[in-house]
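Asker: Using the sequences and the accompanying hints, generate a full structural model.
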Amino acid sequence: MAEVLEELQGLVGEAVAPLSPETVLIGDRGVLDSMGLVELCLRLEDRAADIGFSFDWTSDSAMSQTRSMFSSVASLQEEFSRQGAQEK
Amino acid sequence: MIIVTGASRGIGRAVADRLVSQGEEVLGLARTSVSADFEILPIDVSSAEDVREVARSLRGRKTKVSALINAAGIAAMNLALMTPSGSARKIVETNLLGTIFSSQAFAPLIIRAGGGAIVNFSTIAVALALQGEAVYAASKAGVEAFSRTLARELGSRGVTVNCVAPGPIQTDLIKGISERQLGTVIQGQILRRQFTVADVCDVVEVLLDARSRSLTGHVLHIGGV
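So the protein lines, in turn, are chains A and B. The C-terminal position of the first sequence is numbered 88 in this note's numbering, with every residue numbered one higher than the one before it. The C-terminal position of the second sequence is numbered 225 in this note's numbering, with every residue numbered one higher than the one before it.
Any given hint could be a false lead.
Covered stretches of chain B, going by a simulated chain A footprint (3 or more residues, C-beta under 8 angstroms) [stated by the list, open to error]:
# : region
1 : 55-65
2 : 97-111
3 : 153-162
From chain B, some residues computed to sit far from chain A (all C-beta separations above 12 angstroms) [claimed, not checked]:
#  : residue
4  : Val34
5  : Ala48
6  : Glu49
7  : Ser178
8  : Leu182
9  : Thr196
10 : Ala198
11 : Asp202
12 : Val203
Think of the hints as simulated: they come from the structure by calculation, not from any bench. C-beta atoms are modelled at their ideal positions from N, C-alpha and C, and glycine is treated no differently.
Answerer: Okay, here's the thing in structure tokens:
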């Protein structure tokens, strides 16, 4: 869960704790508002560029999954890792 | 940098030329590449992937994007019941989806740059419900709705989103309209005269000015309706 958890921690700081793979990102129990989610995705874009791939957070494949990739830290990390592996 | 879609001709070209003349760095996107004093990439904005690729390239080069002008647009005057499906699809894809895809791709770059402006284009045909322009007006009504919502979503990140809605400006877009029809449309404006691309450029410049940071979610009608 390294990248998403780290970037989320950097974004929300100590305001929300503890963060875990099960942490809900958006919605009633979410730790982010809509623009916070955009901010997280921008950070992940940078992280992906550093690693050597392009993170696409608007792709049809990502959004057509039964469960949104934005539902939790774990699901977003799963998609992030999947795209990273795909481009390598 | 300011990105202008539909930059090869018409209002998009005029806006791009105006911005260049004011010392702005402009990147134009257009289906056809033409000679200009600014770079034009041959991109069809109705292709989400092509637009995203441009954004990726700009991000990779750490280009600071301060504004996006979504001026790419097509029109086909036809009665609603007689508009061919292919024509209807193309109008919606270019005018509405093109605006959506470009905004999705480039707004993150504007956020990264610390904020800026998105200017979209609607038309007087929405407000006046002009006959013979149902599909065109519908696509632009979608642009207006998208713009208002996008303005709310991006407001907290310092990005303003507004629409400019011209009446009959003398461009290729209205070349098939008769003088009588033009007169009828102009009579529907508050200011009953035909405005020019220069008038449109003036309004775009106002919206890009830092002193317009308080204006967002608006549809500005050239000549008023």
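Asker: All hints, please: hold or fail.
Answerer: Right, here's what the structure says about each hint:
1. 55-65: Holds, because 3 residues of the region 55-65 of chain B bring their Cβ atoms closer than 8 angstroms to Cβ atoms of chain A.
2. 97-111: Coverage by chain A holds here, the residue count being 3 at a Cβ distance below 8 angstroms.
3. 153-162: It holds: at least three residues are needed, and the region 153-162 of chain B offers 4 whose Cβ sits within less than 8 angstroms of chain A.
4. Val34: Fine: 30 angstroms to the nearest Cβ keeps Val34/B off the interface.
5. Ala48: 8 angstroms, violated
6. Glu49: Incorrect as stated: the minimum Cβ-Cβ distance to chain A is 9 angstroms, not above 12 angstroms.
7. Ser178: Non-interface label stands for Ser178/B: nearest chain A Cβ at 43 angstroms, farther than 12 angstroms.
8. Leu182: Holds: least Cβ distance 40 angstroms, greater than 12 angstroms.
9. Thr196: 37 angstroms, holds
10. Ala198: 36 angstroms, holds
11. Asp202: Label holds. Min Cβ-Cβ 32 angstroms, cutoff 12 angstroms.
12. Val203: Holds, because the least Cβ-Cβ distance between Val203/B and chain A comes to about 28 angstroms, which exceeds 12 angstroms.
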